[in-house]
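Please construct the entire structure, taking both the sequences and the accompanying hints into account.
In the order they appear, the protein sequences are chains V and R.
Going left to right, the first sequence walks through residues 1 to 315 as this note's numbering numbers them.
Going left to right, the second sequence walks through residues 1 to 49 as this note's numbering numbers them.
No lab work stands behind these hints, which were simulated from the structure alone.
Hints should not be assumed to be uniformly reliable.
[Unchecked claim] Label-pair distances were calculated between CB atoms; the ranges are: (1) Asp151(V) <-> Thr19(R): 35 to 41 Å; (2) Pro171(V) <-> Pro37(R): 54 to 60 Å; (3) Pro37(R) <-> Glu185(V): 49 to 55 Å; (4) Ser295(V) <-> Phe10(R): 47 to 53 Å; (5) Asp39(R) <-> Ser295(V): 41 to 47 Å; (6) Ile206(V) <-> Val42(R): 19 to 25 Å.
[Stated by the list, open to error] Only pairs whose alpha carbons sit at most 27 Å apart, straight line, appear in this in silico DSSO-like list of lysine-lysine: (7) Lys20(R) <-> Lys33(R); (8) Lys315(V) <-> Lys285(V); (9) Lys112(V) <-> Lys141(V); (10) Lys43(R) <-> Lys312(V); (11) Lys45(R) <-> Lys235(V); (12) Lys45(R) <-> Lys315(V); (13) Lys120(V) <-> Lys141(V); (14) Lys7(V) <-> Lys68(V); (15) Lys279(V) <-> Lys177(V); (16) Lys235(V) <-> Lys43(R); (17) Lys68(V) <-> Lys14(V); (18) Lys229(V) <-> Lys282(V); (19) Lys315(V) <-> Lys20(R); (20) Lys177(V) <-> Lys285(V); (21) Lys279(V) <-> Lys315(V); (22) Lys312(V) <-> Lys279(V); (23) Lys45(R) <-> Lys33(R); (24) Lys112(V) <-> Lys177(V); (25) Lys20(V) <-> Lys68(V); (26) Lys312(V) <-> Lys285(V); (27) Lys279(V) <-> Lys112(V); (28) Lys315(V) <-> Lys27(R); (29) Lys68(V) <-> Lys13(V); (30) Lys229(V) <-> Lys45(R); (31) Lys177(V) <-> Lys282(V); (32) Lys27(R) <-> Lys312(V); (33) Lys33(R) <-> Lys43(R); (34) Lys43(R) <-> Lys279(V); (35) Lys235(V) <-> Lys279(V); (36) Lys312(V) <-> Lys282(V); (37) Lys229(V) <-> Lys43(R); (38) Lys20(V) <-> Lys7(V); (39) Lys20(R) <-> Lys312(V).
In this text, a Cβ means the ideal position worked out from N, Cα and C, and glycines have one as well.
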Amino acid sequence: MTEYTQKIREIAKKLLSEGKVDVVIGFREGTVPLMAEPCLVSDPAGVDQLVFNSFCGVNLANYLPRRKDRIAVVAKGCDSRNMAQHIAENQINRDQLVIIGAPCTRMMDRRKVAAAVDGKDITSVAEADGRLTVTGPGFEKVLDRESVLQDNCAICVHVNPVLSDEMLADPLPEQEKDRYTDIREVEAMTPGERYAHFEELLSGCIRCYACRNACPLCYCPTCFVDESKPQWVGKSIDPTDTLTFHFLRAFHCAGRCTDCGACERACPVGINVRQFTKKLEKDCKELFDWEAGMSPDVRPPLDTFRPDDPGKFIK
Amino acid sequence: MGIDPGRLHFSWISSAEATKFVDVATKVIEEVKALGPADRFVKEKAQVA
Ligand code: SF4
Ligand code: SF4
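What follows is the structure, encoded as structure tokens:
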């Protein structure tokens with residue numbers, strides 16, 4: 001995947017020096033291994049910091065809303081879907097964007113890599129031929145990349161960008177996958193069991209809102225959790241407040257979430273917050289045959305009315 | 001979400017359908033009463049020592 005790095009630099013340099021865009025949004029190496037970080041480059045001399053590897057899990061669509069300049073942006077499959085969603089929601093204009101499409105070979109989960117080396121300090125990683133070589137003081141370990149994929153990437157069925165102006169490689173084959181085995185387990189529980197399950201799932205949540213901040217969908221100027229007049233939800237870590245935050249966050253993402261995994265990736269506690277958004281994703285798929293962000297030209301199911309919308313729950 | 005199905009009701013009632021409104025409201029109250037006090041999504045008042 002690192003071959004992409006060279007191409008991204010070339011494209012970025014060309015676009016910036018020809019004045020076609022004002023800024024390029026991509027990734028650069030983070031300050032610690034396993035953490036590529038988002039990076040905005042506006043000077044052609046700065047393109048050499050751009051990289052692409054298996055730790056570019058941040059969703060770059062998050063950096064687009066309300067920008068007024070012309071932007072080139074690197075997009076994996078999920079990023080591109082969130083960009084399509086932004087265009088449909090009028091957060092950015094298509095003609096402001098040059099989308100550099102990256103057919104994605106799936107991102108790796110830094111937590112799984114750390115666990116595979118028993119939490120030892122990692123000083124560098126190298127990728128080649130589907131393997132990841134992890135080195136640290138006094139050890140070197142080779143891991144199979146399939147064993148350390150992010151959970152959402154392992155079940156991703158849209159690795160190829162849905163929108164692109166430049167492509168870094170030919171599209172990759174898409175997999176067929178049952179995406180909802182975990183959700184069906186929760187659906188099969190009684191209401192009481194389900195409540196207990198969610199309480200347990202969220203018991204470690206510290207209400208830091210990193211999951212919300214990492215999410216490209218959460219661009220409201222003031223989030224409902226931050227409002228104090230009226231205060232919609234308590235600000236404590238009382239389990240009821242925490243559950244309320246998570247349920248509402250998920251419902252605000254209904255029909256819009258692309259399961260990019262940015263929320264889960266950002267959580268410092270490692271909470272599987274995708275459990276909530278994924279249930280709604282499943283419902284949208286089953287009730288409206290809808291997958292978010294597949295086209296910027298179709299209105300999402302929750303802002304359209306069709307006479308044949310399912311309504312059996314209304315008495 | 002862990003809410004008992006009997007506690008959540010949806011109905012479509014026009015402003016002209018007063019009797020339907022009464023019927024639905026009565027039915028909701030009866031069903032919820034039968035379930036008793038909720039023990040989920042309940043927040044205790046903060047205890048001051
Ligand atoms: S809710 Fe999570 S998985 Fe869904 S779009 Fe937002 S960050 Fe991505
Ligand atoms: S990032 Fe994790 S700890 Fe922070 S609010 Fe979200 S779920 Fe809770």
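Hints breached by this structure = Of the numbered hints given earlier, those the structure breaks are 1, 3, 4, 10, 12 and 18, listed in rising order.
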